[in-house]
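Given the sequences, and given the hints that come with them, work out the whole structure.
Taken in order, these protein sequences are the chains called A and B.
With positions in the first sequence counted from 1, the corresponding number in our numbering is that position plus 111.
With positions in the second sequence counted from 1, the corresponding number in our numbering is that position plus 16.
Hints in this document: simulated from the structure, not taken from any laboratory.
Some hints could be false.
[Unchecked claim] For the chain A half of the interface with chain B, some residues (derived, Cβ under 7 Å), not all of them:
{"#": "1", "residue": "Phe146"}
{"#": "2", "residue": "Gly154"}
{"#": "3", "residue": "Phe158"}
{"#": "4", "residue": "Phe215"}
{"#": "5", "residue": "Ser217"}
{"#": "6", "residue": "Gly218"}
{"#": "7", "residue": "Asn222"}
Glycine included, every Cβ here is placed at the ideal spot set by N, Cα and C.
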Amino acid sequence: AQKVTQAQTEISVVEKEDVTLDCVYETRDTTYYLFWYKQPPSGELVFLIRRNSFDEQNEISGRYSWNFQKSTSSFNFTITASQVVDSAVYFCALSEIAFNKFYFGSGTKLNVKP
Amino acid sequence: SQTIHQWPATLVQPVGSPLSLECTVEGTSNPNLYWYRQAAGRGLQLLFYSVGIGQISSEVPQNLSASRPQDRQFILSSKKLLLSDSGFYLCALQAGGPYEQYFGPGTRLTVT
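Here it is, written out as structure tokens:
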């Protein structure tokens, strides 16, 4: 069965600290996609990144970076030099090819304090 | 670009009353459409998804139903609301393939 686990329910950091959000997934599919979304206090989910199961190259976008390790079924998200505006709930998700369904983790609430 | 509209933005309804939430999308044709519910402080629960007009798949048996009368319209309904139906309802679209879903602004429903 497909499952996404975000073990960190809530994390608090002080501005400018680096923070890593963990995501571990389970799937029997050999081809799948992984995603990260941000949900600010307004509620609307914002897409951040998509990775497919064949591309384990790490990605960096500004202060954001993602580490995909198939061997450990993990897709972790790091924010460097965090800012107050990064405060939000972050969701990791897994998508199968066949059914176009997403499996979301339970989310990690990030509090960045000034 | 794709745009998702949801209304109403907020809703307060008494227990036992009916419900109709509407989602319309622009900028894409024949999208997959999804209804999610997020209870306070919780993750996202997939309720329904649709791959085309009149095609609805239900993920969680409950007193809610969904319909897709037009390609770009997705409606979530209930004949009698329960207290447990309170939550934040999000509509999402996926424009083909197992790619990212885009989410609407959501409807915050409080059942009293």
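ask   = Holds or violated: is there a CB of chain B closer than 7 Å to the CB of Gly218/A?
value = holds (5 Å)
task = With a cut-off of 7 Å on the beta carbons, see whether Ser217/A makes it to chain B.
result = Cβ of Ser217/A sits 4 Å from chain B, so the hint holds.
message = Given a cut of 7 Å on the nearest C-beta pair, is the interface hint for Asn222/A held or broken against chain B?
response = violated (14 Å)
key: Restraint satisfaction for Phe215/A [CB to CB of chain B, less than 7 Å]   = holds (4 Å)
query = Regarding the hint that Phe158/A lies at the interface with chain B, is the smallest CB-CB distance below 7 Å?
reply = holds (5 Å)
key: Interface hint for Phe146/A, Cβ within 7 Å of any Cβ on chain B   = This interface hint holds because 6 Å falls under the 7 Å limit.
inquiry  = Min Cβ distance, Gly154/A to chain B: is it shorter than 7 Å?
reply    = Holds. Min distance 5 Å.
Figure legend: structure checked against the earlier numbered hints; the only hint not met is number 7.
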